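Each chain, written out:
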Amino acid sequence: MEYSLFILVAPFFLFLVLGLLGMKMKPKVAGIIGTIGMGLCAICAYTVAYQYFFQTGKVGEVWQQIIPLNFEWLRFTENLHIDLGILLDPISVMMLVVITTVSLMVHIYSLGYMHGETGFQRYYALLSLFSFSMLGLVVATNIFQMYIFWELVGVSSYSLIGFYYTKPSAVSASKKAFIVTRFADLGFLIGILILSYYTKTFDFGTLTANHAELVTTSLAGGTFMGLSLATWALTLIFMGGAGKSAMFPLHIWLPDAMEGPTPVSALIHAATMVVAGVFLVARLFPVYFFAAPDVLELIAYVGTFTALFAAVIAITQTDIKRVLAFSTISQIAYMMVALGVSDYGGHDGLGYMASMFHLFTHAFFKALLFLGAGSVIHAVHSNEMSQMGNLRKYMPITNITFAIACLAIAGIPPFSGFFSKDEILAAAFHNHPLIFWTLWAVAGLTAFYMWRLYYCIFWNTPKGDLAAEHSADSNSLQGVGGHHHTPHESPWTMAAPLIILAVFSVFSGLIPFADFISSDNRPFHAHIDWVVASLSIGVGVIGIAIATVLYLKKSDKPAEIAQSLGVFYKAALHKFYLDEVWMWVTQTVIFKYICMPIAWFDRHIIDAAMNGLAWTTQKSADSVKGLQSGQVQFYAWVFVAGSILIAVLVLFT
Amino acid sequence: MIKVEYYLIISTLMFFIGIFGFITRKNMIAILISLELVLNAVEINFAAFNRYLYPHQLEGMFFTLFGIAITAAESAVALAIIINAYRSIGNININNMNKMKN
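Chains as they are written, first to last, in my numbering: chain A, 1 to 653; chain B, 1 to 102.
None of these hints come from the bench; they were simulated from the model.
Treat the numbers as computed from the prediction; the structure is a model and nothing was measured.
Check before you lean on any hint, since a few could be wrong.
Per the computed footprint, the stretches of chain B lying under chain A, defined by three or more beta-carbons under 8 Å from a beta-carbon of chain A, are [stated by the list, open to error]:
1) 18 to 25
2) 90 to 97
Counterexamples of contact, computed for chain A against chain B with all Cβ distances above 12 Å [claimed, not checked]:
3) Lys24
4) Tyr46
5) Gly222
6) His432
7) Asp515
8) Trp582
9) Asn611
10) Val640
11) Leu651
Label pairs and their computed distance ranges (CB to CB) [unchecked claim]:
12) Met610(A) x Leu8(B): 57 to 63 Å
13) Thr616(A) x Ile33(B): 43 to 49 Å
14) Ile646(A) x Gly90(B): 24 to 30 Å
15) Asp622(A) x Val77(B): 35 to 41 Å
16) Leu645(A) x Phe49(B): 42 to 48 Å
17) Ser75(B) x Asp622(A): 38 to 44 Å
The beta-carbon is built from N, C-alpha and C at its ideal position, and this holds for glycine as well.
Just need the whole structure built from these sequences, with the hints factored in.
This is the structure in C-alpha cells:
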C-alpha cells in the first residue's frame, strides 16, 4: 500500500505550487487546482480505506498495524531515533477518510464562499498545508513525527485564523490560538521527552505492544513530587492534547478562533484539528490504560466538566459561530470522556470505540453545521442571531441540511449522532454514574442550544405576524429585520457540500463501528443499550421541545428567563469570565511578578553593561577625534615632528 | 674640489626650508613650490654622494634624472588638482581643503 504516500505528498505539492505560483494564476484556477488535488487525495484515501478494511487489514480476527513506509530520519543513540513513515491501522485509516472528505467539502465550498476575496490563492495554499499536516499527524508511526506534524497543524491553523490579517481582532485571535496551544505543546514535548528517555523509543507500536509492557516496566518505581513518572509523562502528553482539543481551562482560544473564514472553522476548528487531542489519547490508549489509569480518570473528569461548562455557555451566546464553537468544545469533551471511562479489550473497551465513532460522526455533522452557518452568514452578512430569523423561505437547502445536522447532534435516531452519543453514554452508564448523569444533562442542553440556534436563524417569526410574513416575499424587507437585500440561497458550490455532508450525517451512524475499531483491535459486537438510548432520546426531545416553545416564535420569554437567572446568566454570557481570569493570570501574576523583574534585570544589568561599554568607547573616541582635523598641514607637521623625534632617538641613544 | 659638506649644507637648508614652507604656507601653489624644494634637495644629495663615493658609476645621476622627471609629472598632477579645487571651492587655500574629513 505504498501509494498511500500520495495522500501526504499531494497536499504538500499543492501547497508549494499554490503558495509559490499562486499569484501568477487567476484565483479561480488556483481554487480549482486545489480542489481537484484534494479530490484525488480523497479518492486515494478511500482506496486505502477499502483495501485496509476489506482486503488486507484483518488477519485472523485482529486488525493489523500496517507500515507501508518508514525511514530513519534522525538517529540520536543506538535505540533512540526519529523516523518518518506511514502507519495504517483502523483509527488512522478512519481519520484519513474523515480528513480528506471534510477537507474536500471545504475546498469545494470555499470556491463559492471565498469568491472574490483577496488572497484567494493564499487561502487555498494554506488549506493544502493544513490538510498535509493533519494527514501527516494521523499516519505518524512514532510520537515525535506526530509532534512535528502537530506543530505544523498549529502553524497552519494560526495562519488561517489570521487570514484576514488586516482585521485586528483576527490577528489577536490567531496569536491567542497559537500561544495557548503552544503553551500546551510545551507540556506535550516534556511528556514525550520523559517517556522516550525511559523507554528509549518513540515508536507507537513498541510503546503500546503487549499491554504497554515497555512503559510500565521502564518507568516503574520512578516518582516525582508524590506521583509516578508514568503519571507525569502521560498527564503532560494529555496537556498537549487538551490544548489542541480545547479542554478546560485551555479552551479559551477556540471561540476566538472563529474570527477565521467560516469554512476554515468547519475544517480545522470543528472536524479535524481539534480532535487531534482525542486522537492522541486514543493512539496511546493502551499506554494510558496500563501505565497510568489515574490519568484516564483525570481525562474523564476534565472532559465531563468541559462538556457541561461549554454547553452552558453555548446556551447564552448570540454569535452563531460562537455557539457552534462551544458546542464543538462540548462534543470533543464527550469524546475525551468516552476514552476516560473506557476499559481495555472486547466489549469493555466500548468507550474507546464510542469515542472514535463520535469523532467520525461529529466531524460530518459539525462540519455541516459550520458550513450551513457560513451559508447563512454569506447571505445575511452578519454573525449575530438577532440579525437573522425567518430565513427558511429564502434558503431551503441550508434550512433542511442545517436541521438534519441539528437532529444529528441532538441525538435523535436514526441520525448519526444518536448512535455515537448513545455508545458514549452506555460506556459511562455502568461504572461512572456521576459522569453518566452529567453527560445525560449535557445531551439535553446540546439539543436545546442547537435548536435554539436553528429556530433563531430559520424561524423566530414575530408573534401573530404571519400576514406580514407572507407579504415579506413581495416587499422583501418586512420581518427579516436588518437585511440590506433579500437573502438568497447560496450558489451550488456551497450547496453541494451541504447536501453531501447531510447524507453523511444521516447515514454514518449506521456503520457497525465495533467491527472496525476497538481498543485491542479485535472486532466485538456492540448493541444499543435501550435503557440508555431511551434516556438520551428523552432528554434530547425535551431539549428540542423547550427550544421550540421558547424560540419558534419571537417572544419575550427567553429574555424573562434570562432575567430571572440573573448573575448566573450573566456569568455564562461572559463565558464565566475565564478570559478575564486568564488575562489576570497573565497580566497580573506572570507579567508583574515574573516578567517585570526579568525585564528590569535585562534593562538595568545586562543592557547597562552593554551601554557602559559603548559609552566608554564613545568618550575615549571623543577625546582623540580632535586630532583628525582634516588639515593636511597639521598632519604633515605631526609627521615631520615624529620623524625628527625618531631620528633624534636613533642618533642619541 | 668642493667638499661634499657644502653640498650637504645646501641640500639640508633647502630641505628644511621646503618643509617649513610646506607646513606654514596656506596657498597651495606655494606648498607645491615648497615641495619642489624638498625634492630638489634630495636630488642634490643623490648627485653629490654619487660624485664622491662612486665616481665611476652613474646610478645616482640616473636617479636624479628620474627624480626630475617624476617631479615634473607630480607638478602637473598637483596643478591639475589645484585647478579643479579652485573650480569647486573658489579659492586655493589649503585650510578649506578638508571636505574629505566628513
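Practice item. Against the structure, test the hints numbered earlier, and report the numbers of the ones violated in rising order. Key: Hints 10, 14 and 16 not satisfied by this model.
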